[in-house]
Amino acid sequence: MEELFNKIVRQESEKLYWHLRRMVSSHEDADDLLQEVFIKVWAALPSFRGDSSMSTWVWRIATNEALNFLRKEKVRAALRFTSIDAEAERKILADPYFNGTEAERRLSCAVARLPEKQRQVFVMRYWDDLSYEEISAITGTSVGALKASYHLAQEKIRLNLSDSDVSK
Amino acid sequence: MTKHSDIFTPDGYLENLQDRLMSIPAREKQPSLMTRVMPYIAYAASLVLLVVLGNFILGKTAVSADDTSTADDWTYVSYLAQSLDADCMLPEIPEYTLTEDDIVNYLVDDGLTLEELVSYEENH
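As they're listed, the protein sequences go chains A and B. The numbering of the first sequence is the numbering used here, which starts it at 1 and goes up by one. The numbering of the second sequence is the numbering used here, which starts it at 1001 and goes up by one.
Derived by calculation from the structure, the hints in this document are not laboratory data. In this text, all values refer to a predicted model and were calculated from it rather than measured experimentally. Warning: the hint list may mix true and false statements.
[Said to hold, decoys possible] Computed spacing ranges between beta-carbons, pair by pair:
no.: 1; chain 1: A; residue 1: 143; chain 2: B; residue 2: 1015; range: 31 to 39 Å
no.: 2; chain 1: B; residue 1: 1015; chain 2: A; residue 2: 36; range: 19 to 27 Å
no.: 3; chain 1: B; residue 1: 1020; chain 2: A; residue 2: 54; range: 15 to 23 Å
no.: 4; chain 1: B; residue 1: 1048; chain 2: A; residue 2: 143; range: 51 to 59 Å
no.: 5; chain 1: A; residue 1: 155; chain 2: B; residue 2: 1046; range: 52 to 60 Å
Ideal Cβ positions, reconstructed from N, Cα and C, are used throughout, including at glycine.
The shape of chain B in the complex, shown without the other chains (with noise of 0.2 Å):
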């Protein structure tokens, strides 16, 4: 008696087991030489494209964002000495003084009841 009894396979799988891997030489035909070192090649070659490539963008990168940095500086520097230096510049803002009665219409436009008016008028 088998040590495996307590196990089986389903049918026919052993019967058909040796010709299925007897077919194996047939599918794994041997590759030539170029076949087989290829996909070494195409590894080695992406590989070295993506180096350049990643040297190319980084550096691209780097000159830009220094550049632009520098000429942020000089946007800054140059806004802050024109608002120092120069008043002209800025627009000039006409002189108001705001007189009792704009002080009353904003208060009824803000919702002011006749009460609340009549005691600003009188304590005023």
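In isolation and in its complexed conformation, chain A is listed as follows (with noise of 0.2 Å):
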């Protein structure tokens, strides 16, 4: 059991940690987040029962951590009269392990700015290179409402860098 658990940390722990970073915006909660997913599939590794491929149920228990977590910073947001999305561009710019253009830090506020599912999606899609085959497999959502998905949240990035360019 340990020897399968060790051969999913090799191959996955460092694409989970980029799509958890990408997630939750911070290499602290990142790091957190990543932990208690490799807790998680430690304790639930015995009841595996292969209906998906290893990696498939890996990064659904990362997805779900990582959605759980942005639901709980709103309920935290909310407690302190501030907006989620504030929240977290306060995190991407406060960052000290981006050494990103300004473009970059833009485009980073507009995912954060995003819905949860579709930022789920847009950072599966475009930064963890995934097929839509493959996240559909993860999100348990069909192709085409990834696709939908998808490119409403470009639609959105879109729009959200056209309006911070009229503003500055």
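Fit chain to chain and form the complex, with the hints in mind.
Have a look at this one:
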């Protein structure tokens, strides 16, 4: 069992780190989440039935963890009377592990403003380079719906970036 | 070129990542069935205890409150009966008629001026 777990770690850990990092916009949060994901993977490994590939199963756990985290963040932001968008933007602007261009920072901010599901699809397709079929297997959403979601996300990002151009 | 070139990690993070994650099984040793069930048993037991205690305390409070209200009612009723029924129970107040001197003394003590006192004397 431990050998199988180690194999999953070797195959998926780095890819999952980048996925979570894009989803939660902070290294510290991504690292904490990654630990949580692999603790869950280890705990659930004996009950893995093999209905899907091991990789798909692990990614499903990770994406669920990320979505749960974002929902909790939304509640925390509401309790502090701030918006989740503002909070995500603050994290991106204050990220000490960011060395991209201003355009890349604005893109990250625009992605952080997307609704959770669209953000998930966009991150998986644009940054994680997963195919629609792979995303479909992980999220349980049809390929058609994913394409529509990705297209909508792109439109929102474009609008957001042009809005920030105007306001500059 | 990687798509994540705009973000990076602290030094050595990715190099140590696998080792850290591979240490999870050792840290998360599967607890025995008893250890896993124990919190639920404790929770159920405390819930039962809470219900029993709550019942006991509420029952006791309800009874004593009832007793108190009955006792209060009876005290009040008997007091009323005594007051209405037996004048002899009330303390006797000696009859006393105020004299004019009493009134004058009271007014003087109260800071009445001589002129006001004379005017009072003349009018009465």
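Okay, the hints, checked on the actual structure:
The given range of 31 to 39 Å is respected by residue 143 of chain A and residue 1015 of chain B, whose C-beta atoms sit roughly 37 Å from each other. In this structure the supplied range 19 to 27 Å holds for residue 1015 of chain B paired with residue 36 of chain A, their Cβ-Cβ distance being about 21 Å. Roughly 20 Å separates the CB atoms of residue 1020 of chain B and residue 54 of chain A, a value that falls within the hinted 15 to 23 Å. Distance hint check: the CB atoms of residue 1048 of chain B and residue 143 of chain A are about 52 Å apart, consistent with the given range 51 to 59 Å.
Checked against the given bound of 52 to 60 Å, the beta carbons of residue 155 of chain A and residue 1046 of chain B, roughly 54 Å apart, stay inside it.
The structure fails none of the hints (numbered hints given earlier).
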